[in-house]
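Relying on the hints, combine the two individually framed chains into one complex.
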Amino acid sequence: MDSYTKKIRELASNLLKDNKVDMVIGFNQGTIPMATSPQVARTPEQALEFVWNSNCSINLANYLSNQKGKIGIVAKGCDSRNIVTHIIENKISREQLHIIGVPCTGMLDKVKISSSIDGEILSYSEEGDTITLKTKSSEQNIVKNDFLASNCETCTHRNPVIYDDLVADLVTEQKIDDPFKDVRKIEEMDSDAKWNHFENLLENCIRCYACRNACPLCYCPTCFVDESDPQWVGKGQNNIDVRTFHFLRAYHCAGRCTDCGACEQACPMDIKVRDFTRKLNKDALEIYGWEAGLTLEQRPPLDTFNPEDPDEFIK
Amino acid sequence: MKVIKIDKNSWTKGIDKSREAYKLFGPVKDKTIVIFKELEQGMFPEMEYTDSVLSAKSVIFPQTEKILGGSLDESIEDHHILKRPDTNYSPRAVLGIRPYDAKAIQLVKLNFDTEDYRDPYWCDAYEATTFIGLAINEPSAFDFSTLTDTGPFGEEGLDILLVDCKEEYLAKVLTDKGETFLKASGFEESANTKPSLKTIKALQSKAEKAITSKIDSSKIKDKTILELYEAPFWDDLAFSCINCGTCTYVCPTCWCFDIQDETRGKTCSRFRNWDTCMDPLFTMHGSGHNPRGEKTQRVRQRFMHKLKYFLDKYDKGIMCVGCGRCVKHCPVNIDIREVCNTMNSYEKQE
Ligand code: SF4
Ligand code: SF4
Ligand code: SF4
Ligand code: SF4
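Residue numbers (my numbering), protein chains in the order written: chain E, 2 to 316; chain S, 306 to 655.
Bear in mind the hints are in silico, worked out from the structure with no lab data behind them. From a predicted model like this one, the values you see are computed outputs, not experimental measurements.
Below, simulated DSS-like cross-link-like pairs (lysine-lysine); rule was C-alpha separation at most 27 Å, straight line:
#1 S:LYS334 to E:LYS195
#2 S:LYS336 to E:LYS113
#3 E:LYS135 to S:LYS514
#4 S:LYS633 to E:LYS113
#5 S:LYS506 to E:LYS137
#6 S:LYS503 to S:LYS488
#7 S:LYS334 to E:LYS135
#8 S:LYS371 to S:LYS328
#9 S:LYS334 to S:LYS633
#10 E:LYS186 to S:LYS334
#11 S:LYS342 to E:LYS273
#12 E:LYS137 to S:LYS471
#13 E:LYS145 to S:LYS633
According to the in silico footprint, chain E covers these stretches of chain S (three or more CB under 8 Å from chain E):
#14 327–337
#15 352–359
#16 543–553
#17 564–578
#18 634–646
Cβ atoms here follow ideal geometry from the backbone N, Cα and C, with glycine treated the same way.
Isolated chain S, as found in the complex (with noise of 0.2 Å):
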């Protein structure tokens, strides 16, 4: 394992350099919230952060992306025939990404990178994207994250994890990718590797005994889908959801997706939108049937999707990284934490 160090007062000079080779992602203060936006010229990661509202999951999957463009315009060839648009796959870096969000987008591919089926706009952002994480210090209330196979300095799915360790950053080089993104910023000077790997673990185990939420997904792959499914609890617990997009648009593992064609004029285009399963669009028919019509059914879709039917298919865990944003950005206080441990913990009354 090569450990490099990172002087801060060098960090600026690097990332400039690194924009020689790659477009920068990373978060940054957009008036009072945290969010992951491209790094114009000009434009550093803000590494202080805790939380970000929106995690880097746009960066691979754009909110709202064009799949497919052509034209409608019969005077020319082609016209009518939809194809895929030049979009830029040179190198990308997402720069300060949490452990917790590259660990999500490892669970995203099990969904866009399948030996049966390859998302091409998916994979091909992906792979042209290195990760270069910052592990988490201090982890915020909400960070439940050691309790879903990550914890503040996972190491899954990143290329580089950083760790603050005030005056300078030690940078772990995890793959090929990220050795290549460090000589292209010029960050060389290697660390003593073992005594910078014993800060790394002390400052780890600090960081992840500061996480003290509670929350136990142990018995559920044990319990039947139609047991859960018919548990008597949903209701109450859905009473006070407003079905709104929050929980699961700040999520970085939700990966719903809903495709729309437009037309301006003669051009016409295909793109692909974030959709969410609290909406009742969602399953909406044709025929104007909806198979879940009631909130209820929606709520209870989100939490069996995250926490019993992906657990069941993928036998990977939970689809949730633990970073928290749920529960923070709810506006009425839905826990998926408690809900986990109501799940966890019922037992069918004969």
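The shape of chain E in the complex, shown without the other chains (with noise of 0.2 Å):
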């Protein structure tokens, strides 16, 4: 990965060297091992502060809502597909951008790796698929390809999908044979064991809607839960106001949602919110063959009408 941090610096001080664009937007380390912080760099010097690694899995997309100037952006596959998203619904410009693509080899999932190890995890670093963890006791190697963030084990499209740069070749794309087994595990469960299951899925659920916010699609100016005339729905702890906010939330990314999993990585709960969004990702797949933000040459299923538009569904 070092060769990809290496080339993003170069890629970005040069951009902000030359004047090509007012900033540039990518992830620098943490103060704490397995955690980046997204951060803008306004000068070359701040671009090589810039890193690459298997824990960039918040989605930069997010960060471009209402953004002024030129950007430059880091992008691996799935932050394109939300640039795109952004272009076709007039967020931005694709003339506004420059886009650093970063052909992806999965993002890691943290909480599955910290309750495999025994100890704190206290220091990180990672050399191809070999991830190298420090506890007060012990150093473990593990196998980055076992502990991906769980969107990441199913994705088609770790290249991104439009790029100005690229900081390395394209990678393989996976051949996933059966990318919704998981969606339909629910799917055949009879009303009353979904029922449960969604109720035992929301249980810990805080709403501090990190999971909304760290999702690139929500940039309403006030999303429906935060409206207060008309207020749609109870701001407590009651299950049924829960539920809608996580039911409407869903609804309001179909066939816009990239399954780039950003909403689960920032849950502090460790909420799967994504067994919500993916059924409507499946059925925006199934119904209307579409995938979100794949192409700017066509517009997404739901925001347009055909009359030869399946109508299964509404029988």
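Structure follows, in structure tokens:
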């Protein structure tokens, strides 16, 4: 990953040096093991702080909303798909962007890692597919692919879909036989089991909205849950209100979600909120043959009407 | 100082006995995380945990609490009159609360129990509660509590401090409330005080030494509010923040709440919910004007409140007990230790 870091620094600092952009958005190293922090560089020197590793799971497209000027942005596969979504939703124009594309090899699931390691992780490093973790009493090597975030396990768009530069050669895309196995498992439950599944899923939600705020799709000036006149939904911990938030958030992402996983990575309570959005992604694919953010040439299925649109589901 | 010895083999039996007199709360492992919950029959506190995602704050200050209720049905007497609900304030005990969380409750108390005003909900719950702390023998890398006037063996706000000594707990009895709880649990075997305190002291200094974070807030009190408020670093510091409620909801010292009225059929209720200064709604005026409409202003508010306004107002240190939760759970790694050091070392350029 060091070569990625080096290349990102070089490209970003040159863009700033040559005045091609006003700022570059990338990741800086975090203050704790396995953390990175989205940052903006406005000078070539600041761009030399950028890093790349398997903990860059936050979606940087989220930081484009309402930015002015010419922007450089570091983008892995899913970030680039959300940039496409931003462009077709008129949040930003293609001309405003200089995209530093990162062919991605997947991001890590921190919770999965820390729960399989004895002791607290005090330091982290990676070299190719090997992750080295140090605890107080031991040093352990793990294989990156065994601990991928679950969205990365089934990702088939690791390469950026649009870019102006690439930090490395494109990677081979994964072939996934059955990418929606998890969704099907829930679909096959009877209604009681389904109900229990979702009740259990949301049991610990504290409505901190980290899932919503980490999501690049959630850029409404006022989210429906924050609306007070009319107030669509109660603000407390009542189950119905918690569910309403989650159901509606998911539906607002229908046909737009790129399954980047930022929501789950951000959730402090380790709630698998992608159980909602993935069902809608599956529907979008099965009904409309649509995966979000792959092309600038086509409108998303839910903002166009076509007499040939499938309508089986409304009968 | 009295020290009681609790053989770990008699722990669950004693806990069960205490249930006759107390409603119990404690840390429990729930799926992949540890949180504080009411311990129903058959549930016991998880005593091996390092950090819980949520603190014990909610035992006294629930995330959603009904504070008034009434009826809109004009056929009954007292309709349209809001009354305090019948909340159960029988004795409660929080088991296994960490010293920094107990100290945090003392900081929150400064707000809910003042000379001029006593918040009845918070105070009644507080008074009903016995706090049974669990010293931290091995602080995590996130813990910086020694730098915030508490520490892994801190006693402030506790009624009992339990120290894990492998086969047994040594229980320092700190208050009468603590003594009563131990009696009710049948934990009455006195330990030899002097050697026990020596054992505890040794564990304590080992634990304190294990904390290596550096945070310094000593110079903040000498700077003016405006100097810090107008400092140039806030925009960059706030850039990555996504304005979620994580850092404030996981924080044991954050005390802000919002009041909401809800009706259902003819029943009406007034609730209070945790609120967070990170949310734009927090300061939204009825007119539509928002004095903290920008993200930077909200991030600044959080740190200025914790590290400056609180310090100036109460002269009780900073509004942070060093639990490290916000550092660990912030999705974009905004680290209060760094912010504190930045504020502390900031010198205004003339
Ligand atoms: S981030 Fe997690 S806890 Fe917060 S609102 Fe979303 S699901 Fe709930
Ligand atoms: S500092 Fe971190 S946890 Fe707090 S609101 Fe910002 S992003 Fe969320
Ligand atoms: S500010 Fe952060 S470290 Fe300090 S008490 Fe709150 S959550 Fe813990
Ligand atoms: S930091 Fe914010 S949420 Fe926490 S107590 Fe202060 S104003 Fe309230």
